[in-house]
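Protein sequences, first through last, are from chains U and E.
Residue 107 in our numbering sits at position 107 of the first sequence; the count goes up by one each step and never skips.
In our numbering, each residue carries its 1-based index in the second sequence increased by 107.
Be careful, since some hints might not be right.
Unchecked claim - The following label-pair restraints were derived from C-beta to C-beta distances: (1) E:215 x U:63: 27 to 33 Å; (2) U:63 x E:306: 21 to 27 Å; (3) E:306 x U:66: 28 to 34 Å; (4) U:86 x E:152: 22 to 28 Å; (5) E:209 x U:37: 33 to 39 Å; (6) E:270 x U:106: 46 to 52 Å; (7) E:212 x U:63: 34 to 40 Å; (8) E:130 x U:68: 43 to 49 Å; (9) E:171 x U:9: 15 to 21 Å.
What the hints assert, rightly or not - Examples of chain U residues lying across from chain E (beta carbon under 8 Å, computed): (10) 6; (11) 19; (12) 25; (13) 34; (14) 47; (15) 68; (16) 69; (17) 70; (18) 73; (19) 74; (20) 84; (21) 85; (22) 103; (23) 107.
In case anyone wonders, no lab produced these hints; they're calculated from the structure.
Note that CB positions come from ideal geometry on N, CA and C, so glycine has one too.
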Amino acid sequence: MTPTVYNVIGIGLLCAVSIATRTLPFLFAEQLRSHEGIKRLGGQLPAVIMLLLVMFTLRDAPVVTYPYAVPEAVGLLTVIALQWRFSNTILSISVATLVYLIVSTLV
Amino acid sequence: MQPQSTVALTAPSPIRRAFVDSLPVFVSYFSLGIVYGFMFVQMVGPWYLGTLMSTIVYAGAVQFLALGVFAEHGSLLAMGIAALFISMRCSFYGLSLLDSFSHGPLWRRFYMMFGLVDGTYAILTTKSHEDQRSDSTYALSLGLLIHSYWIVSTAIGGIASESISALIGDTIDFNRLEFILTAFYAVLTFEQYRSGGNLIPILIAAGTGLISIQLFPQHMLLVAICTSAALLTIWNRRTQS
Numbered sequence: 001m002t003p004t005v006y007n008v009i010g011i012g013l014l015c016a017v018s019i020a021t022r023t024l025p026f027l028f029a030e031q032l033r034s035h036e037g038i039k040r041l042g043g044q045l046p047a048v049i050m051l052l053l054v055m056f057t058l059r060d061a062p063v064v065t066y067p068y069a070v071p072e073a074v075g076l077l078t079v080i081a082l083q084w085r086f087s088n089t090i091l092s093i094s095v096a097t098l099v100y101l102i103v104s105t106l107v
Numbered sequence: 108m109q110p111q112s113t114v115a116l117t118a119p120s121p122i123r124r125a126f127v128d129s130l131p132v133f134v135s136y137f138s139l140g141i142v143y144g145f146m147f148v149q150m151v152g153p154w155y156l157g158t159l160m161s162t163i164v165y166a167g168a169v170q171f172l173a174l175g176v177f178a179e180h181g182s183l184l185a186m187g188i189a190a191l192f193i194s195m196r197c198s199f200y201g202l203s204l205l206d207s208f209s210h211g212p213l214w215r216r217f218y219m220m221f222g223l224v225d226g227t228y229a230i231l232t233t234k235s236h237e238d239q240r241s242d243s244t245y246a247l248s249l250g251l252l253i254h255s256y257w258i259v260s261t262a263i264g265g266i267a268s269e270s271i272s273a274l275i276g277d278t279i280d281f282n283r284l285e286f287i288l289t290a291f292y293a294v295l296t297f298e299q300y301r302s303g304g305n306l307i308p309i310l311i312a313a314g315t316g317l318i319s320i321q322l323f324p325q326h327m328l329l330v331a332i333c334t335s336a337a338l339l340t341i342w343n344r345r346t347q348s
């Protein structure tokens with residue numbers, strides 16, 4: 001297999017995975033829609049998944065060794081405080097990222 | 108005096124609203140896309156292959172995983188299975204949007220399903236946008252915009268990487284910009300809580316998340332989502348009866 005063929009096969013495979021995982025629930029939409037438990041779950045999952053994505057992106061942060069995930073914690077507190085106070089997503093994200101970058105450079 | 112028509116004239120179009128709502132995602136996806144395009148050229152091959160990947164695979168975490176496999180010419184089967192594990196969370200996304208995507212021409216529904224990535228899902232499920240969710244022009248524009256941010260930024264990163272790779276490679280630590288994504292998800296978690304006011308899903312997610320990070324750091328997302336969904340189902344059953 002030449003590198004190009006290998007890469008193209010790999011990309012095609014991943015494309016198939018993306019399409020399959022994203023269209024699957026809609027193929028069974030009729031059965032799923034009428035199910036009360038699924039409906040309720042669908043409403044609760046966004047909060048669950050968003051928080052898990054936060055944790056997923058921070059999974060490599062060192063918690064028990066120096067610097068004890070301090071930059072990440074400070075960044076998260078900043079973003080929540082700003083969002084709570086001003087409800088301006090762009091402001092919260094940019095200031096918090098800046099704070100994170102500064103703190104992680106200092107420690 | 109014509110209050111009716113004034114309202115109609117000044118009300119922002121669905122496309123405009125989609126653009127404004129997509130701006131936070133623009134910031135995070137565009138910067139991450141540049142990083143991806145840049146790294147693809149450094150590790151795998153020409154910029155257009157990376158751009159093709161962002162177009163038809165369109166899955167950030169999977170694409171970053173593939174970088175490592177492609178660079179080492181690793182097993183494609185193992186990569187496919189890992190990708191399946193990572194992407195399976197997108198199957199859960201559809202559950203929240205079954206009604207919204209149930210009408211319209213097939214190509215549009217298919218494209219919107221394909222475009223159901225973290226950013227699109229997050230915006231469509233934010234409670235303040237509930238009335239817009241069923242607006243197909245809004246949803247389609249949102250999907251197209253976010254997809255194009257990812258494609259264009261990958262191309263920019265790749266081309267920049269090919270032309271000035273040696274210079275930039277050592278001077279900027281792109282990895283730390285990933286905090287933009289973290290902050291974005293944190294805002295969305297907070298907004299989900301603020302609009303729903305239900306602490307149970309958040310507590311369950313925090314618990315399962317912490318445990319699965321310890322036990323399955325590589326697959327923590329899928330494991331924690333499945334466990335949370337199961338626990339929530341049990342909780343819902345108990346509180347219902």
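_Holds or violated: the hint that residue 103 of chain U contacts chain E, with Cβ atoms closer than 8 Å._
10 Å, violated
*asked:* Does residue 6 of chain U hold up as a contact with chain E if the rule is Cβ-Cβ below 8 Å?
replied: At 6 Å from the nearest chain E Cβ, residue 6 of chain U passes the 8 Å test, so the hint holds.
*Taking 33 to 39 Å as the hint, is the beta-carbon distance of residue 209 of chain E and residue 37 of chain U inside that range?*
For residue 37 of chain U against residue 209 of chain E, whose Cβ atoms are near 19 Å apart, the range 33 to 39 Å is violated.
*Lying within 21 to 27 Å: is that true of the beta-carbon distance residue 63 of chain U to residue 306 of chain E?*
Taking Cβ atoms as reference, residue 63 of chain U and residue 306 of chain E lie about 23 Å apart, which means the hint holds.
*Between residue 270 of chain E and residue 106 of chain U, does the C-beta distance stay in 46 to 52 Å?*
33 Å, violated
*Could one say that the CB atoms of residue 86 of chain U and residue 152 of chain E fall in the range 22 to 28 Å?*
Violated: the Cβ-Cβ distance is about 44 Å, outside 22 to 28 Å.
*asked:* Next item in the hint list is residue 25 of chain U. Is there a CB on chain E closer than 8 Å to its CB?
replied: Since chain E brings a Cβ to about 3 Å from residue 25 of chain U, closer than 8 Å, the hint holds.
*Does the CB of residue 70 of chain U sit less than 8 Å away from some CB of chain E?*
13 Å, violated
*Take the C-beta atom of residue 215 of chain E and the C-beta atom of residue 63 of chain U, compute their distance, and say whether it sits inside 27 to 33 Å.*
45 Å, violated
_Between the beta carbons of residue 306 of chain E and residue 66 of chain U, is the distance compatible with 28 to 34 Å?_
Between residue 306 of chain E and residue 66 of chain U, where Cβ atoms are some 33 Å apart, the hint holds.
*Would the stated hint for residue 68 of chain U survive a check requiring a Cβ distance to chain E of less than 8 Å?*
Check failed: Cβ of residue 68 of chain U comes no nearer than 16 Å to chain E, outside 8 Å.
*Hint says 43 to 49 Å; check whether the CB-CB distance for residue 130 of chain E and residue 68 of chain U agrees.*
Violated, since residue 130 of chain E and residue 68 of chain U (Cβ atoms, about 33 Å apart) do not stay within the stated range.
In this structure, the hints that do not hold are numbers 1, 4, 5, 6, 7, 8, 13, 15, 16, 17, 18, 19, 21, 22 and 23, in rising order.
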